[in-house]
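Chemist: Protein chains in written order, with the numbering used here: chain A, 13 to 344; chain B, 0 to 271; chain C, 68 to 359.
Calculated from the structure, these hints are not laboratory results. The structure presented is a predicted model; accordingly, all values stated were derived computationally and were not measured. In this text, a Cβ means the ideal position worked out from N, Cα and C, and glycines have one as well.
So, partial list: chain B residues that the calculated Cβ filter (under 10 angstroms) puts toward chain A:
1) Gly73
2) Pro94
3) Val97
4) Asn109
5) Arg175
Taking lysine to aspartate or glutamate pairs in the EDC-like style, the calculated list, with each CA pair at most 20 angstroms apart, reads:
6) Lys107/B with Glu224/A
7) Lys107/B with Asp220/A
8) Lys200/B with Asp150/B
9) Lys155/B with Asp118/B
10) Lys200/B with Glu210/B
11) Lys107/B with Asp194/B
Restraint ranges, calculated between C-beta atoms of paired labels, are given here:
12) Arg86/C with Arg333/A: 34 to 40 angstroms
13) Ser164/B with Leu103/C: 43 to 49 angstroms
14) Pro179/C with Glu203/B: 52 to 58 angstroms
15) Arg144/B with Ala168/A: 57 to 63 angstroms
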Amino acid sequence: MRMVVTASADPPAAQLKTRGSAATGDQRFAGLTILMATGALTTFLALATLLAAYSWPSLVRYGPGFLTTTAWDPVFARFGAAHLVYGTLVTSAVALLLATPIAVGTALFVAEYAPDWLGEPVAFLVELLAVIPSIIYGLWGFFVLAPIMRETVEPALQATLGHVPLGGALVAGPAMGRDLLTGGVILALMILPTIMVVAREVFRAVPDTQREGMLALGATHWEAVRYAVLPYVAGGIAGAMGLGLARALGETMAVTMVIGNSSRAISPSLFTPGYTLASAIANQFTEADTPIYFSAIVEVALVLLLVSTLVNLLARLLVARFVRAPAAVSAG
Amino acid sequence: MRTLPAAPPPATAPLERPALRTEHLSAWYGTRQAIRNVNLDLAARRVTAIIGPSGCGKSTALRCLNRMHEVVRGARVAGRVRLGDEDIYGPGVDPVRVRRRIGMVFQKPNPFPMMSIYDNVVAGLRLTGEVPGRQLDAVVERHLRAAALWDEVKDKLRQSGASLSGGQQQRLCIARALAVEPQVLLMDEPCSALDPVATFKIEELIGALKEQYTVVIVTHNMQQASRVSDFTAFLLAGADQVGELVEFGPTGRIFTNPADQRTEDYITGRFG
Amino acid sequence: MIVESARGSLHVASQGERRRHLVDRAMAAVAAGTALVGIVALAWILGYVVWRGAPALGVAFFTERPLPYGEPGGGVGPALVGTLLMLGAAAALSIPLGLGTAIYLAEFGRGPFARVVRFVVDLLAGLPSIVVGVFVWALLVRQVIGHYSGLAGAAALAIVMMPIITRSVEEVLRLVPDGLREGALALGVPRWRTILGVVLPTARIGVVTGLLLALARAGGETAPLLLTALGNQFFNVNLFEPMASLPVQIYTYAVSPYDDWHTKAWGGALVLVLVIGGLNLLARVASRARRL
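Chain A with its partners taken away, still in its complex shape (with noise of 0.2 angstroms):
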């Protein structure tokens, strides 16, 4: 996976141009390109219209109940996709709270203390988890990681959070091991690499001469980068964290194979099973035989599509702002 954040500036070889009679194959030329780069403009609006325009009777008729209730009753035509919305919320939450300390921590490893013939291997191998496909995460989740959480993990958060009063409540019901939490853990590996990158990026942005200002009055190495080199992390790491939520909101296969995929209860459990927006189309498409069961899932479709964008667009804003060039970031 290649992130490219491209500049935005005018090439300079748009200035060049040709004179006489070869000028008109440069023309044919240059509108054959122009062609094809209206073709990506066409194949996105075209996307979004369709999805819009498909959607459009279940919007009509669901209104913005869509997103507040639970029901998805294909036999009495009546759909609401909160819970879906619910799972998405509550995974993408998990997985950032378990990722972002983990996903800072390496990165503050390779870039501040790793010597570079240990850190450029350690920044390589965790680059390497954003290469596996979602699928082998999902097998992965499914065969070995929701097993341990239903023997021991789950188990053990019953035992200890079980007993504090609000803790209780997040781990309630039985563990069976496919529910909201292990959806949650499972994408928090798969988007690790993509917060530790960016934090890598945000950790070297920062000058040197302030590591070495707080040194030279005495401060411990880790004092030094508590004082000045975090403060000035803040607005990249939330930047890294909103690419990470990107990612989240549209994994599908790693998730819809651990998450259970049948409840629709919106509970506080994290382990109730659940759906994602992701998940639910994947789960239910086969079963659209009605219109306006089809018509739902494009619209649960269009929801993961304005929100997905949503995140995208303010997360690159804050890399940008935070982050100096060079601008190409290499993600394995």
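Mind docking chains B and C on chain A? Use the hints.
Modeler: Just chains B and C now, kept in the frame of chain A:
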């Protein structure tokens, strides 16, 4: 018979033993050697200037004095640097303590932009917590006055450290360095990024600082060295690109009657 | 000024300093620990894939089609063929579009239209692949073609690949020094020939890298193929019929109730990891080797 009053002792004669003394100081960046066998006595409560053409290793030598050289990956030091009796590179010595006693001001002013002016000054003190919170106000005022900055910022102490002009920022960095009460203050070309007016203010400041602190200043500006310092060390890199100490002595003598031909060549502008 | 003799030695003396140094070492350990988490996860996942997947591999695995449970043997043959065909078709669709757009942005693009194009390419790059799948499903599967097909799958993959190709190639084209372009123009070579005959060949390694990365990404995609090509247990080279693909076959084997099929799922995963890993490695090696 009236006798003439005794001439005051020459201002350049140090009253105490050297605050800092280097013995056979050499330094490397990885395999590339930067300086070799530098022996300097840095007189207590005097200003010593280190001059030389660019690339001669004067900044490297300065950074060896407070163990900042080793912060760069792969950097290495040999020889001794004695603060009083103790070698700062001795076994078991804590670099954090060394940098507390020997402070540094950098070429480009580097106030912490995320902190206010007030917080910048006390940044070093907050690390150890040795000064209780209620005394901090007095400390801030005292050191901002010592850095000749108090009157200009006393009404805006809560503003960001980066909101000041270049010269003010540098004086803030000086106040910050002084706040931890070092014995020695190292200054690495402190005026090279500043305009002449700001430079003049800082040179005045250095003159006042030496009553209390030992100052070592690296400068590529010879006029500044002759204005400001009591002693001058001239460093020069030979054909092997390794800097060596060519000559060291009272500033007056170095600039009017240098002992080494190379010093004279540099001072008269034949190279560098 | 504090009198020198009262300060004590340069060795760590006070409780406070010992604590600060302890915290420093502890934080370094914590940072190293977090780095270890990612590496352990990677090793665990890849190790598991190899361990569970290796027993499934064999000639039959690569050449046979999935057999009904109970019959010995069977494999992912149709899935491999299907993935190759659909990736090939997707490349045929996305390379002209991606390359053309990249050339436009790098060589001709000026002003608001180019900015909009670049923005839209970035938007496309950030689309969740399931959304792309729903789009192609709604348009081609439910409407235009009427049924699941390899063509729909290829279309979905092409939409995924195009922005990756465009961004990589644009970046590489911009790196080609203008001197080359100007030199050719000064010799009377028309613009279009300069681009095709000088600029593009100079950047060819970067172009290939971009293509490899796009293929690696598309090769691992499951969700869009699930919704468009669906899957097929028989060998099929007709793009107008449902078509098997490796990721979807892995999924099908994995969610079945049979242990033997689970092993086959792991085997498929191993093959997928090797292929995708190989493509990425090639891309990395290529981009290190290029002089640009």
